[in-house]
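Asker: Protein chains in written order, with my numbering: chain A, 1 to 364; chain B, 1 to 364.
Rather than coming from a laboratory, the hints here were simulated on the basis of the structure.
Keeping only pairs whose Cα atoms sit at most 20 Å apart, straight-line, the calculated DMTMM-like set for lysine to aspartate or glutamate is:
1) A:K182 / A:D159
2) B:K111 / B:E206
3) B:K67 / A:D252
4) A:K67 / B:D252
5) B:K197 / B:D159
6) B:K111 / B:D89
Protein chains: 2
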Amino acid sequence: MVTIAASRRVRRTPFSSGVEAAGVKAYTVYNHMLLPTAFESIEADYRHLKTDVQIWDVSVERQVSIKGPDALRLMRQISPRDMSKMAGDQCYYVPTVDHNGGMLNDPVAIKLADDHYWLSLADGDLLQWALGLAVAQGFDVDIEEPDVSPLAIQGPKSDELMARVFGEEVRNIRFFRYKKLKFEGQSFVVARSGWSKQGGFEIYVEGEDYGMPLWNALFAAGAELNVRAGCPNLIERIEGGLLSYGADMRRDDTPYECGLGRFCNSPDMYFGRNAMARQAKYGPDKMIRAIAIEGEIETCGSVWPLFAGGAYVGQVTSATWSPDFNTNVAIGMVARSHWNAGTRLEVDTSNGMRTAIVQEKFWI
Amino acid sequence: MVTIAASRRVRRTPFSSGVEAAGVKAYTVYNHMLLPTAFESIEADYRHLKTDVQIWDVSVERQVSIKGPDALRLMRQISPRDMSKMAGDQCYYVPTVDHNGGMLNDPVAIKLADDHYWLSLADGDLLQWALGLAVAQGFDVDIEEPDVSPLAIQGPKSDELMARVFGEEVRNIRFFRYKKLKFEGQSFVVARSGWSKQGGFEIYVEGEDYGMPLWNALFAAGAELNVRAGCPNLIERIEGGLLSYGADMRRDDTPYECGLGRFCNSPDMYFGRNAMARQAKYGPDKMIRAIAIEGEIETCGSVWPLFAGGAYVGQVTSATWSPDFNTNVAIGMVARSHWNAGTRLEVDTSNGMRTAIVQEKFWI
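For reference, chain A alone in the conformation it holds in the complex (with noise of 0.2 Å):
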């Protein structure tokens, strides 16, 4: 099998040292830095995370700092989501868009202050759109890549391992919103978010030297709960229809094509919006779907055409066995006239051709 080679372009973590001794068996490369994708086994660790708890080195969801007197006004034009409403210790997913509404990135937003968000990003360098839009306009704000590495804690034993480390206090923080909490007397945000449908948290470790002591403070209150290391799961996170930006969506879709229709709420002008009037309106002629494909496939790592009667009609983008459905999920975009849940298509895998059937809903 082919290795990763080493490199300072491909960053290291804070928490690379304890993922390496947790047994990391599978690497990729997110926004220039390194992110584990496998422990035990894909399938292990899915049937761990659903019944357990999981740390997970997610330093990858790099920070875009947007700081200074402009960053709401610059805010205002980058978010499809209506950034008045947003309250001091809340955390928004902004699906955002370029001039045209094709998707750049989908964050998750974080105000922590009225002049201050971060935007925590999937893979791609947002922060250069970002600059490239406040720079343009003369705008007085900073925008950088603060030393901000996030650990995520998942599973249903979340609230309990993160109550024995940040105190009780903890249990209170409500889906997407944050409290700032300390170890070892730094304050970190920590919010109740993260890529998985197990529930659990995320902490935003500020300053690198914090991880391997937080990391082995989390494992040494959690031995008991049966804490292991973990990553995002491919299995769990298509069950639960969380989109992969670069796998499931691209510049090439906007947020009504992705099934974000709902968080384009903004009065603002903000860029993309004109563009996307008409799909706001009507809906747009594509749309992700929960697919279900029958017979045996590998792992999807690239494009699967979908077809109707030997008529392109739209693509899987990702899809691999689910134990718990006993069945193949996946992650496609398909068109107007063949979305219907019920309808039965062709598939063009990397196994030959498949019937996939598009679903109701995603595995949840």
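For this one, chain A is given, so just place chain B on it according to the hints.
Answerer: The following block gives chain B in isolation, referenced to the frame of chain A:
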């Protein structure tokens, strides 16, 4: 060893099947795409590169296409180089900076027409910077990533191999100039360029379906030239002082600090010009230097700080053993006070403290 997980997000290239058949041993990820880093071994590949000819899948050098009435206007804003002197068949190395002069990328700009440029990227989504500037100013220009995948032919026998496939005309292509030459009836940009000091060409393969036919034709034509699959070589590129964006330079560094001040000759008010005025006049306070390291080291995979009498004076960002020069060759950023050739420093490597000696120039 850890492996790279398959996904559409980490893209294969039009040449991936050829790369795999040729026995790729290691990959990295660069611009959301696979880049080979070793075939036989880094040292065997290095030896062969210097004596024969190699075919490199450098599809990861993704293009930003800037096309439209305002293309030149945008290029004048983002290029520190004087665009008025660029010939119609020319390629320009363009250290691209933000409003503070911080390096955002170091692409090669290719002039396709007066209103159409490609930026052939180092690792990073520079498209988003260009797009942000253009959209905020309402420029009439399309900014896209086209279906273009460069294939590099590198090594002393490059002219001979290329002449067999593209005709004798390739021999007349001057350094950093291009001709449009035909393969199977399709015209491609063929430039005399590439990320080695061994000479050669880059073919900008437009249309992924041409990838493997061209790959196969080059291998068939080069059999008696001992042609092999290769890739940018860590040893050779450090010897030659070829900087890697993300490793040797980042947004913390200006072109002057990277020893690229000669490329900042534009009379235009490009973004970053004012911020770099002092450095343009008096020079920077730190600069990239060739550095030899004594004793045994591993290949540098992170930042190695440099000290003089215990005080921090810079850092090494790339380093490895050079068989041809019988020393460890390195690239580092050194403070003005300690950058003179012959200066002896200490470097904190992954194997402990070593002696580092600033060189007059790279090993070319």
